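Those protein sequence lines, which keep their order, are chains G and Z.
Under this note's numbering, the first residue of the first sequence is numbered 12, with each subsequent residue one higher.
Under this note's numbering, the first residue of the second sequence is numbered 737, with each subsequent residue one higher.
Don't take every hint at face value.
To be verified - Straight-line distance between alpha carbons at most 20 Å, and here's what the computed SDA-like set of lysine to any residue pairs gives:
| hint | chain 1 | residue 1 | chain 2 | residue 2 |
| --- | --- | --- | --- | --- |
| 1 | Z | K777 | G | N16 |
| 2 | G | K109 | Z | K754 |
| 3 | Z | K777 | G | K62 |
| 4 | G | K109 | Z | D821 |
| 5 | Z | K777 | G | A106 |
| 6 | Z | K772 | G | N16 |
| 7 | Z | K788 | Z | D821 |
| 8 | Z | K776 | G | S90 |
| 9 | Z | K772 | G | L56 |
| 10 | Z | K754 | Z | D821 |
| 11 | Z | K772 | G | E52 |
| 12 | Z | K776 | G | N16 |
| 13 | G | K114 | Z | K754 |
| 14 | G | K62 | G | K114 |
| 15 | Z | K755 | Z | Y837 |
| 16 | G | K114 | Z | F787 |
| 17 | Z | K776 | G | K62 |
| 18 | G | K62 | Z | E820 |
| 19 | Z | K755 | Z | P841 |
Derived from the structure by calculation, the hints contain no laboratory data.
This structure is a prediction, so every number in the text was calculated from the model and none was measured.
Residues per chain, in single letters:
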Amino acid sequence: GQQLNQSPQSMFIQEGEDVSMNCTSSSIFNTWLWYKQDPGEGPVLLIALYKAGELTSNGRLTAQFGITRKDSFLNISASIPSDVGIYFCAGQTGANSKLTFGKGITLSVRP
Amino acid sequence: ETGVTQTPRHLVMGMTNKKSLKCEQHLGHNAMYWYKQSAKKPLELMFVYNFKEQTENNSVPSRFSPECPNSSHLFLHLHTLQPEDSALYLCASSRTLTGRYSNQPQHFGDGTRLSIL
Chain G
12 GQQLNQSPQS MFIQEGEDVS MNCTSSSIFN TWLWYKQDPG EGPVLLIALY
62 KAGELTSNGR LTAQFGITRK DSFLNISASI PSDVGIYFCA GQTGANSKLT
112 FGKGITLSVR P
Chain Z
737 ETGVTQTPRH LVMGMTNKKS LKCEQHLGHN AMYWYKQSAK KPLELMFVYN
787 FKEQTENNSV PSRFSPECPN SSHLFLHLHT LQPEDSALYL CASSRTLTGR
837 YSNQPQHFGD GTRLSIL
């Protein structure tokens, strides 16, 4: 089946820094979703992308649907302590396919 | 306030107990899902319901029994669980069924942290 690769498993940054995460696959996807999960809570949808090349922002977060349709990027600018959490990518290869999730990247922000 | 509410938040049970997890969504969605989340693994889809009819069972052991009395409520009945069933169980909903020619995003509850003694 389709797999989504997120690496590294963990990222450590200083407060105020920008950070970029990517999500890759060997398969073509037509929908990309980015979720954040805080400790003890469920994943919360951050950004949804539906078109190759699409760039969408949500506050300090920006996500892009890669041109090859095999990857997506999430950028966080001017990080703050509450950005700590696990960031998951998810996607569908077609409108008639299941949602596939990556393993997530744990982000730590040092004050 | 989350649109998807799960209770209880934490559950500790013995292997011979019977318990149920509850999920309620206030979003007017028609599709609901159960996922299992274990450390360092992608979310595992367990069951899918669309308009309260089960459309998918991802080879889940029979000790997990779902129930969907209406589009807003979803239960997961548990009995004779094993230690490896300890995990976070997440419920999600979407306006239309993901994968039925739809890419509507799924919205998650905060999960039930299940520990099997």
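20 Å Cα cutoff - pair K755 of chain Z, Y837 of chain Z: violated (35 Å)
Is K109 of chain G close enough to D821 of chain Z, meaning Cα to Cα at most 20 Å? violated (23 Å)
K777 of chain Z and A106 of chain G were given as a pair; does the straight-line alpha-carbon distance stay at or below 20 Å? violated (24 Å)
Holds or violated: K114 of chain G and K754 of chain Z, Cα atoms, limit 20 Å. Given pair K114 of chain G, K754 of chain Z is violated - Cα atoms ~30 Å apart, limit 20 Å.
Pair hint K772 of chain Z and E52 of chain G, alpha-carbon separation not exceeding 20 Å: This hinted pair holds, its Cα atoms lying about 14 Å apart.
Run the distance test for K772 of chain Z versus N16 of chain G: straight-line Cα separation, threshold 20 Å. holds (19 Å)
Within a Cα-Cα threshold of 20 Å, do K772 of chain Z and L56 of chain G meet the stated pairing? holds (18 Å)
Would you check the hint for K755 of chain Z and P841 of chain Z, treating anything up to 20 Å between C-alpha atoms as holding? violated (29 Å)
Holds or violated: are the alpha carbons of K776 of chain Z and S90 of chain G at most 20 Å from each other? violated (24 Å)
Regarding the pair K62 of chain G and K114 of chain G, is the alpha-carbon distance no greater than 20 Å? violated (23 Å)
Going straight from one Cα to the other, do K777 of chain Z and K62 of chain G come out at no more than 20 Å? Measuring from Cα to Cα gives roughly 28 Å; hence the hint is violated.
For the pair supplied as a hint, K114 of chain G and F787 of chain Z, confirm whether the alpha-carbon distance does not exceed 20 Å. Given pair K114 of chain G, F787 of chain Z is violated - Cα atoms ~29 Å apart, limit 20 Å.
Checked against the numbered hints given earlier, the structure breaks hints 2, 3, 4, 5, 7, 8, 13, 14, 15, 16, 17, 18, 19 and satisfies all the rest.
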